[in-house]
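*Asks:* Turn these sequences into a full structure, and let the hints steer you where they fit.
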Amino acid sequence: AQTVTQSQPEMSVQEAETVTLSCTYDTSESDYYLFWYKQPPSRQMILVIRQEAYKQQNATENRFSVNFQKAAKSFSLKISDSQLGDAAMYFCAACLRAAGNKLTFGGGTRVLVKP
Amino acid sequence: DAGVTQSPTHLIKTRGQQVTLRCSPKSGHDTVSWYQQALGQGPQFIFQYYEEEERQRGNFPDRFSGHQFPNYSSELNVNALLLGDSALYLCASSLRLAGADTQYFGPGTRLTVL
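Residue numbers (the numbering used here), protein chains in the order written: chain R, 1 to 115; chain W, 1001 to 1114.
Treat the hints as calculated values from the structure; they're not laboratory data. This list has only true hints and no planted wrong ones.
Short derived list, chain R residues pointing at chain W, Cβ under 7 Å:
hint	residue
1	R43
2	Q44
3	M45
4	L47
5	R50
6	F91
7	G100
8	N101
9	K102
10	F105
11	G106
12	G107
13	G108
Derived coverage of chain W by chain R (criterion: at least 3 residues anywhere in the stretch with Cβ under 8 Å from a Cβ of chain R; other residues may be distant):
hint	region
14	1052-1064
15	1087-1095
16	1101-1113
Please read these numbers as outputs of a predicted model, since none were measured by experiment. All C-beta atoms in this analysis are idealised placements derived from N, C-alpha and C, irrespective of residue type, glycine included.
*Replies:* Pasting the structure below:
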């Protein structure tokens, strides 16, 4: 079994500033993938970034980057130069290759962006 | 390139009724997964379909069943609805051969059970 934990229910950031969202996971498997999804009020889950566990290099996608600490089972998301459109719920999720394509999600972190 | 579509957008049912939700996967995808998202929580995996068969199932009762059609579209059926079934139901599609491929989500169906 695997679990994903997001310990921050809500984070607030000033526009143009940087915010970091925390995520920890627990699995005994070695082959897995980690994801951050964004869910705005429109409800549609949008992929933000993906990290393969076998890759040591942290994934980046424009203003979004991750800090993947495999030994610590930590997978944080950094949003740089925050924009009003970044306001949403952010979910961390894990997928074990051995378990097929089933995603296990954390409870989410709400990001508020102040103008 | 058409993304994942779901219908209907909203649905209101009463306890004991049955409901069917529909999903069309992203073009080129062959695997459909269904998730239930209760208010204020992260999505929970219900089941996954590939080649018209249920391949994986989460911790949901048999009242939840599904189907996948030859064109890869899928249905989620819930029988004997309970108040606790009120949630956002999300469909996600992916490509099986890609292994742990990224799942792309539809806009969801909001089910309210009265």
